[in-house]
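Based on the sequences and whatever the hints tell you, model everything.
Quick note: the sequence shown uses the UniProt record's numbering, first residue 1, plus one each step.
I should point out that these hints are in silico values taken from the structure, not numbers from a laboratory.
Possibly wrong hints are sitting among the right ones.
[Unchecked claim] Computed cross-link-like contacts, DSS-like style, restricted to lysine-lysine with a CA-CA straight-line distance of at most 27 Å:
1) K79 - K42
2) K79 - K16
3) K42 - K73
4) K79 - K67
5) K67 - K42
6) K42 - K16
[Said to hold, decoys possible] Label pairs and their calculated CB-CB ranges:
7) T133 - E88: 24 to 32 Å
8) D202 - S77: 50 to 58 Å
9) V109 - E141: 36 to 44 Å
10) L17 - R59: 36 to 44 Å
Glycine residues also receive a C-beta, built at the ideal position from the N, C-alpha and C atoms.
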Amino acid sequence: MKTIRDWPEGERPREKLLQRGPQALSDAELLAIFLRTGIPGKTAVDLARELLARFGSLRALLQADAKTFTACKGLGSAKYVQLQAALEMARRHLYESLQRGEALTSPQVTRAFLLRQLRDQPYEVFAALFLDTRHRLIAYEPLFRGTIDGASVHPREVARRALELNAAAVIFAHNHPSGDPSPSGADRQITARLVQALGLFDIRVLDHVVVGDGETFSFAEHGWL
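Right, here's the structure in full:
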């Protein structure tokens, strides 16, 4: 059986990435580079294609828990640990972009960060980006967990934390595990309460972003703030 080394150089995933960049690779080719080796009778690309077919998508594979992931032939605890480390590095890379103060002039990067943090949570998480007077990031913090309504999100606690951090502005975000980012009536009500509570301390609410399955809804962009 031919190995990847027997392929034309322009078709080998590693060489292709070096020559054309990672965006030129398919999901299977990117996964093959991560896997590094195949199993008897299958190249790393063959194994990657089989795994993608089994899980249904790259995202589903990346979301798999340790038990499901390591049950697949060709994968194990070492690969699972490596994958989780790579995913966490990606999250921290986005966070550092925000920390440098560049991202808040770019709604796209901010939304990408919030998507990465909240999209795959199995339950609702209410979080905040606390900003200074120049709208640079002070901290990103998940604040509440569970159904977002008046009983679970406490404006007093949010105001207390904003004052502790000496924040001048806040961007709120929470996810909808259903995948639909459309705000509910409760979302609008709690946002209004937060705006009112923080306004007492001259802390501006710049936006409330609802994260769905790959899509977001911005209160600010729809004129709801």
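Inset, instruction - Taking the numbered hints from earlier one at a time, note which ones the structure violates and give those numbers from smallest to largest. - result: 9, 10
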